[in-house]
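In case you want the letters, here they are:
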Amino acid sequence: MTSLSRTWLGLAAGATLLALAGTASAQQKEIVIGDQCDRTGPTQIVGTTLCPAMQDYYKLVNFQGGLDGWKIRGDEIDNQYKVPQGIEAYERQKQMGVVMMTLYGTPQTVALNERLEQDHMPTTSPGFGISAAADGTRYPYLFPIAATYWSQAAGAVKFAKDKLGGSLKGKKIAYVYYDNPAGKEPIVILDALQKIEGFQMRTFAVPPPGVELGAQILDITQRFHPDFVIAHLFGRSPSVLIKGLRGAGYPLSHVVGLVWASAEADIAAAGGWGVAEGYNTMQFAGAGDNYPVRQAIKAMYKKEGQNPPDTMKNTVIYNRGVFQAAIQIEAIKNALKISGGKKPTGEQVKAGLEQIHNFTLGGLVPPLQITAADHEGGGWVRIFQVHGGKFVPATGWYRAYRDVVEHAVKTAE
Amino acid sequence: MFYREAGAFKTNYAADMALYPLPITRWAVVATAVLFIVIAPMFFGEYVVSLLNLILIAVVGALGLNILVGYSGQISIGHGAFMSVGAYTAAHLVVALHLPFWVTIPAGGIMAALVGLVVGIPSLRVKGIYLCISTLAAQLIIEWTINHVQWISGGVQASIQIPRPSVFGVALVHERQIYLFLLAFAIIAIVATQNLVRSRIGRAFIAIRDQDIAAEIIGINIFRYKLYAFAISSFYAGVAGALESYYLGIANYEQFQIDVSIDYLAMVIIGGLGSVLGSVFGAVFVTLLPVVTRIVLDSAGRVFFSYSDLLSLVPNLRLVMFGGLIIFFLVVEPDGLNRLWGNIRNYFRMWPFSY
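These protein sequences, in sequence, are chains A and B. Residue numbering for the first sequence follows the numbering used here, beginning at 1 and increasing consecutively. Residue numbering for the second sequence follows the numbering used here, beginning at 1 and increasing consecutively.
Keep in mind that a hint or two might mislead.
To be verified - Mimicking EDC-like on lysine to aspartate or glutamate, the simulated pairs with C-alpha atoms at most 16 Å apart in a straight line are:
no.	chain 1	residue 1	chain 2	residue 2
1	A	K94	B	D309
2	A	K163	A	D75
3	A	K59	B	D309
What the hints assert, rightly or not - If you want a taste of the chain B side facing chain A, the calculated C-beta under 10 Å gives, among others:
no.	residue
4	G45
5	V170
6	V173
7	H174
8	Q211
9	Q255
Hint data in this document are derived by calculation from the structure and do not stem from the laboratory. The beta-carbon is built from N, C-alpha and C at its ideal position, and this holds for glycine as well.
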């Protein structure tokens, strides 16, 4: 035997031993939830805060005694925003016997859509996937739960209308969007509202990766002169837009960013709170620190003798993670009632999700009402304005133009 | 001891031309086929079968890229885009004309081959890294076109849902059913490539790769064969893309972006340029490495870390390990996994009487 083959054997034996050591951990009565995440891929700026927040909420639930004697465990797999890895993660968690899942990433949600139905796997996809999935009769196992891009667009137009004195007749609105399917999705709603409200809209596409917006900003501020700007951007581009509009002297109080252009990281990248002063952000979960559940998580860490994690400072994304996990837990709570305390099945968790209403978690979660027909829960959004170094609520939870959005959901292909 | 090359006498031309001339190789191929066709779907769980499905799709795609990069020496990082061409072509034919899979999948391949022909034209003038950039342009142009031309993308979502393929009226919905479906295509692809590379066309490819001026002097029409290489390679990519859409039930270009092209390039380089078996090894390696490293790190790490720490550690460590292992394998064997396998085989060829 040569020395090389001996090294190989040693490596293999070591790996096997380590693998065996890990699987021998103790088993207890637990319900497993399957989460996908992206902590290392192109959207890691979201994932590295969102997913720890979900784990923190599970920890809090277990810390407070679990659910009817069940411990909750969130199994998380990093899919790196890649589709094959998303499929592998789904199959692995399915084999593990998870009762429900939360997906991460629009391409992954679209790719797995058909399996959910086939496997009766209730799955939430907050902020991901296609808007038409709000229709629970057509997508029975997919729950967008957060306001879809269509609802967000409707909410943005309503906000502009209120801000511009109650009428949009003859006004000009610029729609700046990331040039991918997600970015183009709201256009159909904006087009419909343009006819109803009588405003004039122009679209400005930002090609990926969206780090250079000079031409678009000049076009908007020097040529089009809009009364309001709606921005639907991802990644680095929101900060570039904020900085650019500020530099061009456009009032940021007349700019609203949809949900992925709305986090602390975007403000920081734009040059800080001072630069972004006045910028409006749209949220599907409450922003800021002022919620009982956040205090409870901090108290839990304090009791364990640890400092609360730094991720909590990124309140927008962290709170979205709490929101996602809280909806899962609430659904399982409802499902346990249906199953009589036994481990719930996929159908029971689906029924549990469809019973969620009057669940606000101290204002962090919008007044959702998920039903068998409406898996979006109503499409609630809330605007928080950058003011004095933090996010200040500019509106309450509201929704707008439901007839237009519902018509689009019904007639979607 | 077992691998005997002596004593296999050929008495006619057909035996001499056979794909597997030695009895031992024939038996090994039959045994492998039985293992994957009969035993694997019977004994493996659904999760393992789903991994195999991802590998089979990757095998078809990697074979195609290896024909272009490994056999013909033309570097391409537009493979993902050719896959999306095949995927959308098949999807449109299924949705609009309700054609069965045995029409739509080859049609997807042919459409991708036609696009590949156009993309291959610059290969006559530009070589090496420059050609690489022109295929990168193709990747971006095809992505842009699908994103912006609604009659291709099928709407703003750029995704077209397609029903699962059906064979003799049975819709293939379960992992095991679709496994056999994909396996059939993978076997056809493997055998076709093995035959292609020892044909006149394959030898022309190799001649061009090794020294294109010399190849031209001995009478090979370089332009034609380079275009053949692009067309054949794109055909495989188109078939792989169509297979993936059938597997997922949807065609969506965001599944075939530049990172996919780079993953395929990694497969053929790690597996071994210019070898059929290497493409298979590369597909297995690149598909399974992230999974295996995660499972090992996950279970091993639990001994040392809390679960929430582990969750932030494993994905990052996995990337480090992924890169590290690729470097390790390439340093140990620069010619890829195929050569590593060859070395192991040679070691056992005379075993235990090797010296």
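Checklist entry - Against which earlier hints does the structure fall short, listed by number upward? => result Violated: hints 1, 2, 5, 8.
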